[in-house]
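**Q** Could you build the full structure based on these sequences and the hints that come with them?
Protein chains in written order, with this note's numbering: chain A, 1 to 266; chain B, 1 to 397.
Don't read these hints as lab results, they were simulated from the structure. One should not assume that every hint holds.
[Unchecked claim] Derived, one-sided and incomplete: chain B residues facing chain A with beta-carbon distance under 10 Å:
#  : residue
1  : ASP42
2  : LEU43
3  : ALA61
4  : ASP120
5  : PRO121
6  : ALA122
7  : GLN136
8  : HIS150
9  : GLN173
10 : GLY179
11 : HIS201
12 : SER309
[Claimed, not checked] Computed footprint of chain B on chain A; a stretch qualifies when at least three of its residues, placed anywhere within it, have a C-beta under 8 Å from a C-beta of chain B:
#  : region
13 : 39-48
14 : 108-116
15 : 122-130
16 : 176-188
Backbone N, C-alpha and C fix where the C-beta goes; we use that ideal spot for every residue, glycine too.
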Amino acid sequence: MTPLTAYVEGIGVLGPGLNDWPSAAAVLSSAAPYLAAPTVLPAPLSLPPAERRRTVAVVKLVLAIGFEATTRAGIDRRALPTVFASSGGDGENCHEICQALASSDRQLSPTRFHNSVHNVGAGYWSIAAEATAAANVLCAFDASFVAGLLEALAQVATERTPLLLLAYDTQYPEPLHNKRPLPDAFGVALVLAPNARAPALARLTAVLTESGADRMSEPQLETLRTSIPAARSLPLLQKLARREAGRVTLDYLEHMRLTVEVKPCR
Amino acid sequence: MTPLVLTRFTAVSAIGRGLGQTLDALEMKRSGLVPCAFETVDLETQVGEVPGVDATALPHALQAFDCRNNRLAQLGLAQDGFSEAVAECAERWGRRRIGVFLGTSTAGMLQTELAYRDRDPATGALPAGFNYAATQNSFSVADFVRRALHLQGPAAVVCTACSSSAKVFASAQRMISAGVIDAAVVGGVDSLCLTTLYGFHSLQLTSRFACRPFDVARDGISIGEAAAFVLLERPQARVDRDALMLLGVGESSDAYHMSSPHPEGRGARASIQQALQAANLTPGDIDYINLHGTATPSNDSAEDLAVTSVFGTRTPCSSTKGATGHALGAAGALEAVICALAIQHGLMPAGLNTTAVDPKLKLHYLCENRRGTIARALTNSFGFGGANCSLIIGHAA
Chain A
1 MTPLTAYVEG
11 IGVLGPGLND
21 WPSAAAVLSS
31 AAPYLAAPTV
41 LPAPLSLPPA
51 ERRRTVAVVK
61 LVLAIGFEAT
71 TRAGIDRRAL
81 PTVFASSGGD
91 GENCHEICQA
101 LASSDRQLSP
111 TRFHNSVHNV
121 GAGYWSIAAE
131 ATAAANVLCA
141 FDASFVAGLL
151 EALAQVATER
161 TPLLLLAYDT
171 QYPEPLHNKR
181 PLPDAFGVAL
191 VLAPNARAPA
201 LARLTAVLTE
211 SGADRMSEPQ
221 LETLRTSIPA
231 ARSLPLLQKL
241 ARREAGRVTL
251 DYLEHMRLTV
261 EVKPCR
Chain B
1 MTPLVLTRFT
11 AVSAIGRGLG
21 QTLDALEMKR
31 SGLVPCAFET
41 VDLETQVGEV
51 PGVDATALPH
61 ALQAFDCRNN
71 RLAQLGLAQD
81 GFSEAVAECA
91 ERWGRRRIGV
101 FLGTSTAGML
111 QTELAYRDRD
121 PATGALPAGF
131 NYAATQNSFS
141 VADFVRRALH
151 LQGPAAVVCT
161 ACSSSAKVFA
171 SAQRMISAGV
181 IDAAVVGGVD
191 SLCLTTLYGF
201 HSLQLTSRFA
211 CRPFDVARDG
221 ISIGEAAAFV
231 LLERPQARVD
241 RDALMLLGVG
251 ESSDAYHMSS
261 PHPEGRGARA
271 SIQQALQAAN
281 LTPGDIDYIN
291 LHGTATPSND
301 SAEDLAVTSV
311 FGTRTPCSST
321 KGATGHALGA
331 AGALEAVICA
341 LAIQHGLMPA
351 GLNTTAVDPK
361 LKLHYLCENR
371 RGTIARALTN
381 SFGFGGANCS
391 LIIGHAA
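**A** Dropping the structure here:
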C-alpha cells in the first residue's frame, strides 16, 4: 500500500495512573515510575451547565483528552474534523438500559436513551467545542485504536486538513464486566496534520503489515496495553514520549498490523 | 473526489428480499409497515420487520456470531449474487485489498437484552452462552461479514446512529483514494431490538401509525430493520457509460443537540453542499432527492429548510421510510440502494402514507410515483449527535 503520512501536533492522554500527556510521557520515557491508580475523569466544564449534569463517563473522557490535545496543539477546534474510535459506548449506561428492559417496567428515560448511542462522545464534543466539521465514529472491538488511526491517516492524506483522532474506552459494570473485562477507562487523542508546521512533534508514516505487535517492557503497562483497546496505542505513545526515531508495530486485526515509522520533528 | 463504481448492490428490508422485490414494492407503492408484534414489545407502534430473519442460518464455522443482526446480514449477503461478486472482486484485487465498512446502531444488542432476562438468580451472571464480541459489540457485524466473504482487508463499523451506513461510503472512498485498498464492501445492518423501540418511544419520537413523512399530521417514526450492501470499486481503465458511480459525499456536524436537529438545518445544508462540491456538480444536476424524511415534526421541517435553501422548491423529493420504516443504522445504505434502483429504472418512488403535505414545507414532495430519467440522485442521512451525511449516486458526467 501507499504509506500514509501525518504530523502529530498535540497529544492528550487519560488513563489509570496517567492524568495527562506530560505525566504519561514521564512514565513512558522512564523518567517517572508507573504508579497504578484508578482513572480520574474530570467534570466536563466545557459543556453548558444543563448538559453537564447529564453526561456519562465516556463523554467526560472524550472531552478531557480532546481538549488537552487541541490545547497543546494550539489549534482552532471549531473547524477541526474528528475521528472517534472506541470499542463500545458508555458501559454503565448500557447496563442500566438492559436492566430496565429486563424488568417489569421497561420505560427508559430519554436521557438514558440518547446517551446510549455509540457516538455520544462525538455529539457532546461537537457541542462543547462548537465543532461543525465531519465527525466519524468507529468501532473495531479490540482493533479500534488502529481502525481509528488508519481512518484518520487516510483522511489527512486525502482531505489535506488537520484532524483530531480520539480513541477511548470505558468499562462495563457487572454482569457485563465478566463478559467484557475492561479494567478501567483509558483515552488518547492526537491532533494530526498533513504538513510539517511549527507545532509538529513527530512525523508518522504508516503501512499495513503482518509483523508481530510491539509490547511494553514494563509489565503493568503491558497489562494496560492488552486489556484496554485504546491502550494498544502505548508503544506509539512511548516513541513519542522518548522523542525517539524508529518503528513501532501496533495490534490491529487478525493477520494484519499497522507499522508506524516515527521521526521526531524537534 | 475520484468517483467509485458501484459494482454490485443489494438490500433486504420490510419491502423485500433483494432488488427485484424491492423494486416491485416501490412500483406498487407497497408499504412493509405493520402493527408491532416483535418479541414481547408492548408498545402501540408500527414496525418494518423483515420476515424470515430468524429462519436464516449462519455458515457452520461462524455459529458464534449467531444473533438476529447477523442473520439479517447473512440474508442480505445471499441476495442478488452479492457474495459471488465480492469473490470475483477478490480475484481482481486480492483479499487484503478489499475493506469492509458497515454501519449499525445496535448490532446484536437484542442478544444482551435477552441475556439480562436470563441472569443467574444467585450470582446475577449472564448466561454462559452469551457471546459479547460476536453479538453485542458493534464490530460484530463487520467481523461476521468479513469472515463470511473471506476478506482480509481493513475493517470497521461506523456508529453515528442514523447516518452510520451513509458515512461508510465516505470511509471507503478515503481508503481507496489514499491507496490503502482498491475496493470495499460497504453497507448497513440494523435489526429490531427493545433498546431502540422503547428508547425512541421514551423520546416521544415514534408514531402510533405508519409514519407519514412531510405530512401535516406527521407525528413520529416507524422503526424498521434492513441489511443493505454495496460493493464499491476503484474505476478501471474504462468505465461503462451506464455504470453507477458514487460521485460525491458530504459530512458535517450540527454541534447543536444530542437528539434534535438544528432547527434551521444548518448541518444538513453543509453536508448537502459538500456532497455537491465533492462531485463538482450544481444543484440543477440532481434529478431526485431521497430524503432522510423520518416523519418527526422537527426532522422534516429542518430538512425542508436545508434542501430548499440549496435546491429551491422544484427538485422532486421523497422519503421511502413510509415503505421501509426507519432502518436506523442501515437507513443510509438502504436508501443509497433505493437511489441506485431509481436511477436504473427511471422511477422516483412516491412517499407513502402521506395524504396532506404540510403546507409549511416547501420542497417538492412526491406522493405519487413519477417516471423520468434520473442521471444523479442525492440521499440524506442525519443521526443523533448531529451527525449528517449526504451521498450523490449516478452516472459520471
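**Q** Hint by hint, say whether it matches the structure.
**A** Each hint tested on the structure:
no. : hint    : verdict
1   : ASP42   : holds (8 Å)
2   : LEU43   : holds (9 Å)
3   : ALA61   : violated (14 Å)
4   : ASP120  : holds (8 Å)
5   : PRO121  : violated (12 Å)
6   : ALA122  : violated (12 Å)
7   : GLN136  : holds (8 Å)
8   : HIS150  : violated (12 Å)
9   : GLN173  : holds (8 Å)
10  : GLY179  : holds (3 Å)
11  : HIS201  : holds (8 Å)
12  : SER309  : violated (16 Å)
13  : 39-48   : violated (count 0)
14  : 108-116 : holds (count 8)
15  : 122-130 : holds (count 7)
16  : 176-188 : holds (count 4)
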